[in-house]
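Take the sequences, apply the hints, and build the full model.
Residue numbers (this note's numbering), protein chains in the order written: chain E, 1170 to 1485; chain C, 2 to 281.
Among the hints, erroneous ones may be present.
[Stated by the list, open to error] Part of the chain E face toward chain C, derived, beta carbon under 8 Å:
1. I1191
2. A1195
3. G1425
4. A1459
Honestly, the hints are just simulated from the structure, not real lab data. For clarity, every value in this text was computed on a predicted model and none was experimentally measured. Beta carbons are placed, not taken as given, at the ideal position from N, Cα and C, and that holds for glycine.
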Amino acid sequence: MRTFVLNLIAHRLLIAGLTLLIVSFAVFFATAMLPGDTATILLGQAATPEAVAGLRAAMHLDEPAVFRFFRWLAGLAQGDLGTSYVNNVAVADLIGGRFVNTMRLAGITTLIAVPVALTLGITAAMFRGSLYDRIVTILTIGVISVPEFMIATSAVLVFSVYLKWLPALSFANEVTSFWQVLKVYAMPVITLAFVVSAQMIRMTRAAVIDTINTPYVEAALLKGASRPRAVLYHALPNAVGPIANAIALSLSYLVGGVIIVETIFNYPGVAKLMVDGVSTRDLPLIQSCAIIFCIGYLALITLADIVAILANPRLR
Amino acid sequence: MTLSTPFSSKVSYSFSWVGMVGLAIIVFWAVIALAAPHIIPYPIGEIVDEDYFGPMSSKLLLGSDYLGRDMLSRLMMGARYTVGISLAAVCIACFTGTALGMAAAVIGGWFDTILSRFLDALNSIPSKLSGLVVAAAIGSSINVLIVMLAVIYTPGAYRFARALAVNVNTMDYITVARTRGESILYIIFSEILPNIIGPLLADFGIRFVFITLLLSGLSFLGLGVQPPYADWGALVHENISGLPFGAPAVIVPSLAIASLTISVNLLIDNLPKKIRDRSA
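Following this line, the structure appears as structure tokens:
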């Protein structure tokens, strides 16, 4: 039985790897097939025919796109992300520190969002149909159906325009005290936490309700267990798998959220770098950032699948 | 499958009032989008206020934007782009996705496997990321935006339609039709489609919301609809410097997006069961 589970997991990882290959293919060709000659664009005023030919040869632009794809992929695997078109710096150097910043933002958001979302999701399921449950449900649907930037702008309006607790759309680099760290991270984290928790609350609630609807929980209720007891002691242990799956899945919404949040709050992370790269059409930078985000997204989705496999006692 | 009497089927077509409110707001925005060029109070490019980020007043109902242009007119014209682009994209995405999904379910075999694997892979690129990459590579004219949004949301529509069609495909009447020697097109359009059309319509609405949100997000980043045109996301983008003053120019377009997407969600949640769960 053990090997069966391991096989399932190996299968998932294989699919993830294959998907990543197709995704990198898609990212490369979406950016490599663009109209206009990269060498001519790069040289700008100095684009004499000889210079263009020289640069094309140096950048391997004369080769078929498939060769360039594999060359790029091989470089990627060795950690060589290429050189930025705009300022001739290695992309890896540009991304380096910013990657840490983005991970820190995502990490803090996760630490805050998970406990809050689990509490709200489980209690909403526990008191299903009550006023509390309906308020939570309406709020989560509300957050899910508005764009992320609206949550960010609302947070700014509430906390810095009306309450004046926090600075508006600025990100100060000179952070000296703990208090300042708190102030600087508060708004991006609040926004992201809202986006992620809304998904997480919805999925957790659904997962717990699924378990509550089983006959054995009904039996527990019939024997006289209170609703909280039936949910916390009887239903919850069996809902751990689906809940963990829900957590991993909703954390994948971080990827979309972080792009908006870093831009609006001017946060020095990978997503801001990428959005800036789009406006300067710095393709190696965009490709690398896109692959990083795709890996993160794919990792979370695969993790969710694996957790679901591990948590299913019928497979163990 | 539950037995239903004629009476209960009549009742199940009735709307709840929440659904009606949602529908009313959607119709309101549709009318605004269609009639905008004839009913805007000022030309959208004209500077009518000497002050920028003006407050709401009887002359300028929604205040003025960062150049002193009338916000109400710009919002009304913005509805054309937000609703129009999203609607065009969602039609293409759902049509392509549903057609492929039903074909995959009926044909099966390697056609199904390869198509599913490929579209699943496309589906695991975060939507905003695809938007950024395409905007960087090709730029973002309105036609490119429509095609891009359609391509991003086709895999989801495919997966949904395929799952529904696979269920129907195992029914006896499909086997009968096959034995009768009907063509694949006949089976798809005459036997399967009528039985899954309700849930497909609900999915159409949900996908419309996703597309509207992605379009607004991209426009907000300045990578969606480009000036001189402006959809609601672009209106927030160009007026974002008014945020510290709480200018209506920033808040109103956001509220417009929220009102549209929430209404569609409300309408779908409150669709008569008969339409929504027809295949259930």
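For each hint given before, does the structure comply? Return the numbers of the non-compliant ones in rising order.
Of the numbered hints given earlier, the structure breaks none, since each of them holds.
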